[in-house]
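Peer 1: Here is how the chains run, residue by residue.
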Amino acid sequence: MNATNLIQAILWGISIGAVFALIALGYTLVYGIIELINFAHGDVFMIGSFLALTLLVDFAYGTNARGRPVQAVFGPRLFLLIFAILLVVMLFCALLNVLIERLAYRPLRRAPRLAPLISAIGVSFILVNLGQLWKGSPPRDFPNLLPEVNVLPLLGLGDRLSFTTKDLFVIGVSIPLMLGLAAFIQRTKLGKAMRATAQDREAAALMGINTDLTISLTFLLGGALAGAAGLIYGLYTTQVWYLMGFRTGLIAFTAAVLGGIGNVRGAALGGFLIGLIASINDLGFAAIFPALQNTPGLSFLAGLNQQWTIVVIFGLLVLILVFRPSGLLGERVVDKA
Amino acid sequence: MALLQLDNVHAYYGNIHALKGVSLEVAEGEVVSLIGSNGAGKSTTLKTISGLLAPREGEVRLQGKRISGLPAHKIVARGVSQSPEGRKIFPRMSVRENLEMGAFARKSGAEIKGDTERVLDLFPRLRERLDQKAGTMSGGEQQMLAIGRALMARPNILLLDEPSMGLSPVLVDQIFDIIREINARGTTILLVEQNALKALEVATRGYVLQTGQIVLQDSAANLQRNEMVRKAYLGEE
Ligand SMILES: Nc1ncnc2c1ncn2[C@@H]1O[C@H](COP(=O)(O)OP(=O)(O)OP(=O)(O)O)[C@@H](O)[C@H]1O
Ligand SMILES: [Mg+2]
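These protein sequence lines map, in sequence, to chains A and B. Positions 753 to 1089 (our numbering) are the ones given, in order, by the first sequence. Positions 1254 to 1490 (our numbering) are the ones given, in order, by the second sequence.
Simulated from the structure, these hints should not be mistaken for lab results. Every value quoted in this text rests on a predicted model; they were computed, and no experiment measured them. Please note: incorrect hints may appear among the correct ones.
Using 25 Å as the maximum straight-line C-alpha spacing, the simulated DSS-like pairs for lysine-lysine come out as follows [as the list claims (entries may be wrong)]:
{"hint": "1", "chain 1": "B", "residue 1": "K1484", "chain 2": "A", "residue 2": "K941"}
{"hint": "2", "chain 1": "B", "residue 1": "K1366", "chain 2": "B", "residue 2": "K1318"}
{"hint": "3", "chain 1": "B", "residue 1": "K1327", "chain 2": "B", "residue 2": "K1360"}
{"hint": "4", "chain 1": "A", "residue 1": "K941", "chain 2": "B", "residue 2": "K1360"}
{"hint": "5", "chain 1": "B", "residue 1": "K1360", "chain 2": "B", "residue 2": "K1318"}
{"hint": "6", "chain 1": "B", "residue 1": "K1451", "chain 2": "B", "residue 2": "K1386"}
{"hint": "7", "chain 1": "B", "residue 1": "K1360", "chain 2": "B", "residue 2": "K1341"}
{"hint": "8", "chain 1": "B", "residue 1": "K1327", "chain 2": "B", "residue 2": "K1341"}
{"hint": "9", "chain 1": "A", "residue 1": "K941", "chain 2": "B", "residue 2": "K1366"}
{"hint": "10", "chain 1": "B", "residue 1": "K1366", "chain 2": "B", "residue 2": "K1327"}
{"hint": "11", "chain 1": "B", "residue 1": "K1318", "chain 2": "A", "residue 2": "K941"}
{"hint": "12", "chain 1": "B", "residue 1": "K1318", "chain 2": "B", "residue 2": "K1273"}
{"hint": "13", "chain 1": "B", "residue 1": "K1366", "chain 2": "B", "residue 2": "K1341"}
{"hint": "14", "chain 1": "B", "residue 1": "K1273", "chain 2": "B", "residue 2": "K1484"}
{"hint": "15", "chain 1": "B", "residue 1": "K1327", "chain 2": "A", "residue 2": "K941"}
Please take these sequences and the hints and turn them into a complete structure.
Peer 2: Structure, rendered in structure tokens:
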């Protein structure tokens, strides 16, 4: 086994896993409260990344003498700008998500369960098409604004592994957001109202909780996290695409199911685990377990690489749904799905 | 003027006509029992009062003011709280959090704290279990929590839906003692029960509901003596 490569894959997995976790939380919050798989959620993430792209290009770039765009904001001002754009994108996606719930799901609250699901797929199509109109069909370069300095040598850990300031940025933004969400749900009155509504909507109404407003709040939080993920993902991978909401959304959904859909801690855990699986697979099994190539019967595993990542993840989704639908931390069996 | 008044209330589940012109009154300070067999519409009546169901015809009035048509959370704020059928506690929240939710519509922290103490004095079993997940408690404890939670709203009128369901005889007696106690402390109660015998013992007056209609109303004492009630609901041959 090549331990260096394995550790490297784990380090990368943490960063991309944090992004998956942020998106997975949106799926799980919504499922927890209205038992809807919000198919449009991944596309809200895509729209968030597009808005971030527009804002960054507008505000972080100027033009040089030949009229070509060049980066115009640096250092601490750049970080303030990114932070401001993070807030704007989070707010925008939060409100977008609330609007989607209000227009497409709430009117169907008493309809059979399939109706809002179909409606969600419809919203997904609309967002995808809006995204395509907005930024076109080919993938778009996202401003590569974050410095990429390996921090491990600075910590005296040598330079065989890489964990850069970019990774630090991803972790530094997403972990506080997740902790903030957890504290909100656990401790605040509104957070408790969310949990109560998720556990028994009718009883929550009998407590004096405005359940419609509470459901809106849930979409607000989920949308904000998806927006944050959109900006982070763009800055991290430096490429965005109008169809990425579908792919990344499905991966994050798998993460939510792995953790136990409806379970907030589970979504975070699932996000990081799927991030690990994805990055190990992206690096390729052959790079981590070179011996596989010569092991009779298992040599096919050595062929697992980036091209197969999505297959591995969705294969896992099927396995979880068949063998453990309640996921790793699911407290209740998904009895009505 | 009656504290709570239902005037010719009709309620539906889709096409099912569940309440067919129910009229009843509860005066300040009373315990009124609503009895009737399975499917008579007792729970539907309470749901309609609480605003979980809007009457298609007729009105619900609280202190003379119409409350039917308001959403459930606003009706709680007006002083009507309910301990629903099947308890419906929040199973994955602690006992403490369940009680907090009961006081959701209220503002004053100091008052809520005082009321929490009063509820815990009424149900000492809950005090020992404040940090336990409500779903892990026994049926009787959950029933106490459901009643305590409804009291946390400091209601003018408390609606109780089958508080004795599924409890052992000893616990049933205990629950009815507590109902008396709550009433003695000044809370008006509308009590729905299958256990008509016990319900009429604590009540001042009673109504008999049959397939969505009130068929009989009288003082509790008279109902206990009534031939039809004895046959149908008190289990006499
Ligand atoms: N959610 C619902 N959807 C459709 N019909 C309902 C619903 N709830 C109750 N009903 C019907 O309305 C009628 C009255 O029901 P309700 O629950 O009020 O009876 P109840 O008097 O409380 O009975 P029980 O003593 O069994 O609790 C019944 O015929 C019942 O089948
Ligand atoms: Mg009932």
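Peer 1: For K1327 of chain B and K1341 of chain B, compute the direct alpha-carbon distance and say whether it is at most 25 Å.
Peer 2: The hint holds at about 19 Å.
Peer 1: For the pair supplied as a hint, K1484 of chain B and K941 of chain A, is the alpha-carbon distance within the 25 Å limit?
Peer 2: violated (50 Å)
Peer 1: With a cut-off of 25 Å on the C-alpha distance, tell me whether K1366 of chain B and K1327 of chain B pass.
Peer 2: holds (22 Å)
Peer 1: Quickly compare the C-alpha distance for K1273 of chain B and K1484 of chain B to 25 Å and report which way the hint goes.
Peer 2: holds (24 Å)
Peer 1: Are the Cα positions of K1327 of chain B and K941 of chain A separated by 25 Å at most?
Peer 2: holds (17 Å)
Peer 1: Between K1451 of chain B and K1386 of chain B, is the straight-line Cα distance small enough, at 25 Å or below?
Peer 2: violated (31 Å)
Peer 1: For the pair we were handed, K1366 of chain B and K1341 of chain B, check the Cα-Cα distance against 25 Å.
Peer 2: holds (23 Å)
Peer 1: Need the status of pair K941 of chain A, K1366 of chain B: alpha-carbon distance at most 25 Å?
Peer 2: Satisfied, since the Cα-Cα distance of roughly 15 Å is no more than 25 Å.
Peer 1: Given the hint that K1318 of chain B pairs with K941 of chain A, does the C-alpha gap stay at or below 25 Å?
Peer 2: Roughly 30 Å separates the two Cα atoms, so the pair is violated.
Peer 1: Please work out if K1360 of chain B and K1341 of chain B have their alpha carbons no farther apart than 25 Å.
Peer 2: holds (24 Å)
Peer 1: Going straight from one Cα to the other, do K1366 of chain B and K1318 of chain B come out at no more than 25 Å?
Peer 2: violated (30 Å)
Peer 1: Can you confirm whether the C-alpha distance between K941 of chain A and K1360 of chain B stays at or below 25 Å?
Peer 2: Holds, at about 11 Å.
When the structure is compared with the earlier hints, violations turn up for hints 1, 2, 6, 11 and for no others.
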